[in-house]
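Student: Listed here are the chains, written in short residue letters.
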Amino acid sequence: MNYADSVTDRFTGQVTIVSEQRQALEKQFARILSEHGAAISRLAFSYEAVASVREELVQEIALAIWQALAHFRGDCSERTFVYRIAHNRGLTHVGRRRPPHQPLEELEESEQPVDPRPHLDEQVARTDQRARLMSAIQSLPVTHRQMIVLALEGLSHAEIAEVMGITENNVAVRLTRVRKALKDALGERT
Amino acid sequence: MTKTNDRELDTWREQWSGVAEPPADFQRKVQQRIERQERRFVLGNILRAILLLGMLIFAWFMRHQSTWMGTGWATGIWVLVFVAAGCRVWVLRRAWRPQTQSTRAFVELWHKRVTACIRLLQISIYLSLGWIIFCAVLTAANWRTIGQDVGAHPKEWVALLVVCVLMQYPVIWYGVAWLRRRTVAELNEVTKIMNEMDGKSLP
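Keeping their order, the protein sequence lines are chains L and A. Residue numbering for the first sequence follows my numbering, beginning at 24 and increasing consecutively. Residue numbering for the second sequence follows my numbering, beginning at 1474 and increasing consecutively.
Since the hints were derived computationally from the structure, they do not count as laboratory data. Wrong hints could be hidden among the right ones.
The calculated BS3-like cross-link candidates involving lysine-lysine, where the alpha carbons are at most 25 Å apart (straight line), are [what the hints assert, rightly or not]:
(1) A:K1665 <-> A:K1585
(2) A:K1665 <-> L:K203
(3) A:K1665 <-> L:K206
(4) L:K50 <-> A:K1502
Required output: the full structure, derived from the provided sequences and hints.
Tutor: And the structure:
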């Protein structure tokens, strides 16, 4: 085998490894989206009230996850990894947002999320409660929003601390404060 | 959904869990965005490489002209390219990590990035002024030979330089001022988020 052949073989080998790695990443990404897609959508609700902009935000979060996935070394749980990226992207969205121009039909849509379950009366009551909860969460300061959303998603204090970069004790103290603020905000909407 | 003994939190969780489902074609749209982003990334890099190479080829071409003006152009372009690249690397140092870290670290990094961006805008103004002064000094120092090349009176050259500066600078100033306004607004938002995280200025 001459030098040119050996270089060609080495290059072909590298290309095969890269394409296999890419396929594995794509599989992992598809799994993450199907496992955490609903949570990402819920999370986007807390950062953006306008439906069309929210859909954009959900896509941007997914894109950020894809970009970061190749660097994920498992130094935290996959859930923590996804929530970290999602919240950081949500914060960037809030920081760069222009003053909102919210069309009326979109406002109505954003205040009445869809519930696929049956029983009309029950559904109306649930939709109403959900809309109040959403509106109360959206009225909180952005870091309060983040903390209550993580708690509602069922993350433990340790996981919330890992996502936010604060101590577990701090999480407990702040969560009590945030829950009080949410209760007050819900009270104002009754 | 995680059940706890905390009834209030459980009720909220139940309401929260029904809030939203991702759109039906969510995965397809994300896939399209990824492809678009990758194309844009490749195209951006090619354009940057073409621009840099083009400038260097232009400088090399001008350097091999026999006139002093050619030497002046080549030196000016080389200095501008290297000083601009050096400034960018220096200003954005320690601000390149990805956004997979904790919120606190991310917001601190974001603050650092926005501050660096504002500093870069200020430096770019000084740099462009410096470039003009550098070219003017270079031309003045070599006027004896340059004057023979172009065959013009120094006053005409000074007038031409002033007209060029007056024509270009309002546009550059307006662009930089607009960018700076946007970045300062972003800096204010980041500072607000940082204050919220530290527990300052909260209800």
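Student: Hint by hint, say whether it matches the structure.
Tutor: So, going through the hints one by one against the coordinates:
no.	hint	result
1	A:K1665 <-> A:K1585	holds, 14 Å
2	A:K1665 <-> L:K203	holds, 22 Å
3	A:K1665 <-> L:K206	holds, 23 Å
4	L:K50 <-> A:K1502	holds, 16 Å
Going down the numbered hints, you'll see the structure goes against none, and every one checks out.
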